[in-house]
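Student: Those protein sequences? They're chains S and A, same order as listed.
Everything in the first sequence is counted per our numbering, starting at 4 for the first residue and increasing by one.
Everything in the second sequence is counted per our numbering, starting at 5 for the first residue and increasing by one.
Source of the hints: derived by calculation from the structure; they are not laboratory data.
Warning: the hint list may mix true and false statements.
[To be verified] Which residues of chain S face chain A? A partial, calculated answer using Cβ under 8 angstroms: (1) Ile37; (2) Ile71; (3) Met94.
[Claimed, not checked] What the simulated footprint calls covered on chain S by chain A, stretch by stretch (three residues with Cβ under 8 angstroms from a Cβ of chain A suffice, anywhere in the stretch; the number is not a length): (4) 60-68; (5) 85-92; (6) 98-104; (7) 138-147; (8) 161-168.
The model shown is predicted, which means the values in this text are computed figures rather than measured ones.
C-beta: ideal position from N, C-alpha, C; glycine also.
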Amino acid sequence: MSEFTERLLTSPPRKESTERFRIVWLIVVPLIAILFQVYVPRFLQFLSYLELPLLITVHFALGRRGPIAAVIYGMSIGLVQDSLSHQPIGMFGIVKTLVGYFAASVSMRFDVENPIVTFILSFFFYLFHQFFYWVLARALLGQTMLFDAQQTLLFGLLNAAVALPLFRVLDKLKVAA
Amino acid sequence: MEFFLSRYRNVTVLLVAIVAQLLLIAYQVKSNKDVPLLRVWAVSAVTPTEQALEVVRRYTWGFVEDYFVLLGVRSENEKLKQQNGQLKLENHYLRSELGTADRARALAAFQSQSQSKMVAARVIGNGTGANSKTVFVDRGSVAGVENGMAVVTPDGIVGKVVDAYPMASLVMLITDGNFAAGILSQKNRVRGTLKGLGHGECQVEYVQNEEKVDVGEWFFTSGDDRIFPKGFPVGQVAVVRTGKTFKEIYLTPSGLQGGPEEVLIVLEGVHQQIPESELSASGYKILPAPAEADSEAPQGTGSPTALSTDADRLREQYKQAGDAQHHVFGEGLPGSTPPDFTKIQGVRATVQQPGAQQGAPPKPPGTQPATSNPPGTTAAKPASSDATAANGTAAPGAKSAVKTPVAKTPQDAAAAEPPPKPRPRTQILVTDPTDADPTAEATSPPATKDKPAIAPKQPPPRPPNQ
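Here chain A stands alone, though its shape is the one from the complex (with noise of 0.2 angstroms):
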């Protein structure tokens, strides 16, 4: 044994320490655990060379920048690309919500949520590998940055953690060959698995050859994943092509354009619901949820808002009658007197005019009624109203599409021709101001001027329930 170990001692060795690694690469793999005290000693051996040699280059090479070259440009450069990177991320936010969802349901929900807690860090190596790509960052866990964050800049999505150690971490690219993420188109809500391929660009699997993603489409993050927040981007796609099974759909990151230098681990993300124009874009129409609606309402005015309804109306009128009269809803006894609901504005203009011709203008509270009018006041009504077709008389200003002869008598007048049939007057109840026609009001007939454009149905003066 002593012999043979003195005679192939070379080759003893090559082979104790081959075998050795082959151990430790079999115990990794198959217990899927690391080394960490190896990496550790490492990493502390070679990052504080990294972060000294950082240091030094930027501050000798920004001196000369910042006083022979630029002066004060450059710092005024990093402030505004700080603001432009902060504008652009709200940017992204307030886009991906205003495309899914209705205008106000977006700013609530922005308003309502907050943003991600992130930390700055900067690229100070990259990491060896022959096809990883991995980067360096000098923000450990002693910053609060732990395994699995995702790591982001205002242009899209960089990568994740994969080790991180006190004073530095470990960023697995988009690119690497390991890294995969959830990923959903902008405009067709298709989804896929973003690979990277070891190269600049990444694939986007598992995406069925039926679905429909365009050249130029964005892609933004699922959230599906658990790592990456949802709504951040990802890149446009490059080329797309009929698979076998799957489409073949290549990406351009928009979050490695140049190389990334400074970056932003998320170690809160804000985890955003799925927006209801997911289901809205397959073909469901949504109603704005009740609850919301209800919360929206503005309380004490009687104007109809957007997510309001009849009875709501209805019932603030009452309020407001009440209240003018200084009753109290639900306190006066049974027998005891009722406001006069009659008060209300739009009841009272039904209650006061009931046989006064449509068109007519509003009167002030002690004027003449309607009918007592002059026949010179009437000039304005339509002519075809039907209390002209029964008098027989055309006023001299009035419109007619169909010319009509004038009766002598009421004989005639019955056997004359009928008048044309008038414009409808049913009042359109608009429940969302935002739905109704821009064209309604500019087309709608006089009577809108002299009338509110949302006039109430004309409800039984009904008190309620006291």
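Next up, chain S with everything else stripped away, as it sits in the complex (with noise of 0.2 angstroms):
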């Protein structure tokens, strides 16, 4: 096992994050960023493809390091998402309510403020989000939603492009606990 990797795979569990958002700023940023995915595509329209609430219920799952904390800010971000589709009101949430579990698992366990495993989670847990979402809508809902693989992927490196400055930004609000 290499040095990387044992730095990576720390003692099993890490403690919660010393550094916590403000209440403030936990409400805030995931109403801009649900706001940006609302408003911004009708003038950018390449910007669609930002998933900016589900990277933002990456990060702070990542940096709670706190699985129910973690599970509740996905599902309400989730279903403030729903409320403003016209899907049944749960389909977001429910894949949100799972990332933030599985995040806050993984940081529990690695070293996730390394860029490289930032940049690898991010587009995983975009991966698993899109796909999760469409095998719902599909078992749940009976809607025949088309999955193209070659194009999330494409929008998975991007989004993950995007997390590495957008977790900076978002680092910098953190405040000592």
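Hints in hand, dock the two standalone chains.
Tutor: Structural data, given as structure tokens:
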């Protein structure tokens, strides 16, 4: 086992992060992300691939390292997203709940502050999010949605690329607990 | 139990969250009901911010454009766009009506039917959802918007309102996978169901392979869905393929070209009847409705109208004769003097010239009868008239297709070759001037210059029942 791998696999489980968001940022940041998703693609169509609410969920879960808080946070963001769509409420909620849980679980085992790990996790969770949403839509709602694997992979890479600077900016909003 | 919960606390919370949401979805799908509370909260939290952003964006960007780039052109352009939109709507309406019915009927229908009542709205944001195509507009239930209302632009239909909130509404675009509407092709009157595909094009379903649909053909709303009033443009056919049972028709929606920013929500749609040309297009000839023919006939004129009959014209002639002699029909006692019907213009000509040569111009009252005219005055009459043949004299200027030798005696005339058959002089009754052959007047015999083009059939001068 290499030194790099050993550094990643630290002694389990890691303690919760000592840096936290202020309450106001916990509300405002996801709201901005949802507003961005709703408003900006009207003028800049190419930005519609960005899934900012998902990236916010991942960042919170990775930073907080608490699965319960991540589950609630992801569920809340997902439910708000559902409310702004014409789908039954709960589709995005379930997916983001799972994303929050798994991201928080991963952060308890791995050193997720490494940019490479952040990139890989963002990419992976985007794929997971899209695929699981597709599965739920087919299984629960019986919708015949198209799943374009190539496009999803490309968008996953783009979202992961955006996640790196975004997480840096969000880290600046944290304060010591 | 406590040990279990504390040991597997994270997983338990996860399971509880997921099961709760699954139950929520199951409830919504099963009961086909929504959870309005959550949606209202979310929309109320998001849409005011969106509206504020939109206002800021519009005013700041508009300010820059108005005062530094385009000055007054922008406002003028907005006004012209608005006018152009209204004209387009009117134009679409008129074209669809004129294409399916006759001009007078379409104009009368257009005048009698009022336009749809609409309210303008601005698109303020997109709806979320991986495959759904929804947008938010800044008009809600306060402005009278309700679920299921149609959303259109002058270029075509845009979608329908699926959720109406107090200050905003969620509109499902026609490209959404769950969208459906009844449509009708313009040329061949093929009915189908418009379905969204989740991307830029739509599909027309349930069109039999035997039906004829051409590429480039326009589809309009049929009104069958009770959401979109009939006659709104939907889009043009981009692809037509023969499928297994039904045709595969893909449509380019005309209302979503360039992304709609301002739309019209139809508060009260104008439902029109199915135009009769749909039936005539399928091989049936439909006569105009008699009730409308009566109502459209102008009163007090003796001229034949497009929708009057012979009886109407005759009745009008008698009425005019009575009016001219101050006679009121229905007031005289039995045995009283009836009006002089020989003074009817058409009848008088017949009565005064029983033996007159046909083709002679009508004489004003007081002039000599046609039979006393000198021979030279008959030069204009056709050489083939019966009177000429009987006299055995041909007018010098008479034209004849067959040259007839001049007979010196009546016997010679009798033995002579019969004159060419006269041209038929049967009056052609034209009930509708628009149906008459436009060339008929140019090729009609010279008598048309002397007689009215539509001469009455010389009815017996019998008074109407008194």
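Student: Look at each hint and say if it fits the structure.
Tutor: We went through each hint and held it up to the structure:
Look at Ile37(S): its Cβ gets to within about 6 angstroms of chain A, closer than 8 angstroms, so that hint holds up. Here the hint on Ile71(S) is kept, as its CB sits about 5 angstroms from the closest CB of chain A, short of 8 angstroms. Because the closest C-beta pair between Met94(S) and chain A is about 7 angstroms apart, less than 8 angstroms, the hint holds. Only residues whose beta carbon comes within less than 8 angstroms of a beta carbon in chain A count, and the region 60-68 of chain S has 0; fewer than three means the coverage is violated.
Under the rule that three or more residues need a Cβ within less than 8 angstroms of chain A, the assignment of the region 85-92 of chain S holds, with 8 such residues. For the region 98-104 of chain S, the proposed coverage by chain A is satisfied: 3 residues have a C-beta within less than 8 angstroms of a C-beta in that chain, meeting the threshold of three. Using a Cβ-Cβ cut-off of 8 angstroms, 5 residues of the region 138-147 of chain S lie near chain A, which meets the minimum of three, so the contact claim holds. For the region 161-168 of chain S, the proposed coverage by chain A is not satisfied: 0 residues have a C-beta within less than 8 angstroms of a C-beta in that chain, short of the threshold of three.
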